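Every letter in the sequence shown is one number past the one before it in this note's numbering, and letter 131, counting from 1, is 591.
Just so you know, these hints were derived from the structure itself, not from any lab. Worth double-checking, as some hints may not be accurate.
[Claimed, not checked] As a list, the in silico BS3-like pairs of lysine-lysine whose alpha-carbon atoms are at most 30 Å apart: (1) K614 to K504; (2) K490 to K539; (3) K577 to K485; (4) K504 to K485; (5) K504 to K524; (6) K577 to K539; (7) K592 to K485; (8) K524 to K577; (9) K592 to K577; (10) K490 to K614; (11) K524 to K485; (12) K592 to K524; (13) K485 to K539; (14) K592 to K614; (15) K504 to K539; (16) K592 to K539; (17) K490 to K592; (18) K614 to K485; (19) K524 to K539; (20) K504 to K490; (21) K577 to K614.
Just so it is clear, the structure is predicted and the values come from calculations on it, not from any experiment.
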Amino acid sequence: MKRLALLMALLSSFNLFADVTCFAKRQELKINNAQVLLWKSSTKNQYHNRGHVTGTLLYTYPDKNGHDHFQVQIGENNKDTIEVIYNQSFGPIPPLANGASFEACGDYITSNADTPKYPSSPDGAILHWVHKSSNEKSHDSGFLIINGTFYGLKN
461 MKRLALLMAL
471 LSSFNLFADV
481 TCFAKRQELK
491 INNAQVLLWK
501 SSTKNQYHNR
511 GHVTGTLLYT
521 YPDKNGHDHF
531 QVQIGENNKD
541 TIEVIYNQSF
551 GPIPPLANGA
561 SFEACGDYIT
571 SNADTPKYPS
581 SPDGAILHWV
591 HKSSNEKSHD
601 SGFLIINGTF
611 YGLKN
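Turn these sequences into a full structure, and let the hints steer you where they fit.
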């Protein structure tokens, strides 16, 4: 019994039992690729909402200031892509091959024009904050699942 308790404690320290439900304002958010694509095509620059998407890795953009940037296909058309941005301080991601399976939960932003602080996304929209929140009361956590492996759950 002690071995089982030790094993459970060890496994939970690796976040293998982490809750990976996507939330928006503390309500479960199901996968919403179609909604995200509608926002991308119909909202003004810097529109914000929560997104939960699945798709396929098309391209890995160069590292920018400790953030991984991925182009993910989330629809059937060539332009049905989103840039997923991952903060490396929430754990490393190994090099990935195009075609990797992606699921991401985080903050959606329409990004089709430069702002004083940020350039526009090559994909016209981003999904960021795909990691654990340091304060769940003020901001829902996000996550990233690549080929079945969870990322972004490290504090």
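Now for the hints, and whether the structure bears them out:
The hinted pair formed by K614 and K504 fails the criterion: a straight-line CA distance of about 33 Å is larger than 30 Å. At roughly 22 Å between alpha-carbon atoms, K490 and K539 fall within 30 Å of each other, so this suggested pair holds. Between K577 and K485 the alpha-carbon distance is near 26 Å, which keeps this suggested pair within the 30 Å criterion. Distance check on the hinted pair: K504 and K485 sit about 22 Å apart at the alpha-carbon level, within 30 Å; holds.
Between K504 and K524, the direct Cα distance comes to roughly 25 Å. Compliance with the 30 Å bound is thereby established for this hinted pair. The suggested pairing of K577 with K539 holds, with an alpha-carbon distance near 25 Å, which does not exceed 30 Å. Distance check on the hinted pair: K592 and K485 sit about 15 Å apart at the alpha-carbon level, within 30 Å; holds. Simply put, K524 and K577 have alpha-carbon atoms about 14 Å apart, close enough for the 30 Å limit, and the pair holds.
A threshold of 30 Å between alpha carbons decides the hint, and for K592 with K577 the separation of about 24 Å falls inside it, so the pair holds. Between K490 and K614, the direct Cα distance comes to roughly 23 Å. Compliance with the 30 Å bound is thereby established for this hinted pair. Under the criterion of a C-alpha separation no larger than 30 Å, the hint pairing K524 with K485 is consistent with the structure, at around 29 Å. Using a Cα cut-off of 30 Å, the hinted pair K592 and K524 holds, with the two alpha carbons roughly 20 Å apart.
For the hint pairing K485 with K539, the CA-to-CA distance comes to about 29 Å; that is within 30 Å, so the pair holds. A threshold of 30 Å between alpha carbons decides the hint, and for K592 with K614 the separation of about 7 Å falls inside it, so the pair holds. Under the criterion of a C-alpha separation no larger than 30 Å, the hint pairing K504 with K539 is consistent with the structure, at around 18 Å. Restraint check: the Cα-Cα separation between K592 and K539 comes to about 29 Å, which is no more than 30 Å; the hinted pair holds.
The straight-line distance between the Cα atoms of K490 and K592 is roughly 18 Å, inside the 30 Å bound, and the hint therefore holds. A C-alpha spacing of about 21 Å is found between K614 and K485, which places the hinted pair at or below 30 Å, so the restraint holds. Only pairs whose Cα atoms come within 30 Å are accepted, and K524 paired with K539 is accepted, the gap being roughly 23 Å. Between K504 and K490, the direct Cα distance comes to roughly 24 Å. Compliance with the 30 Å bound is thereby established for this hinted pair.
For the proposed pair K577 and K614, the alpha carbon gap of about 27 Å is at most 30 Å, so the pair holds.
The structure does not agree with numbered hint 1 stated previously, though it agrees with all others.
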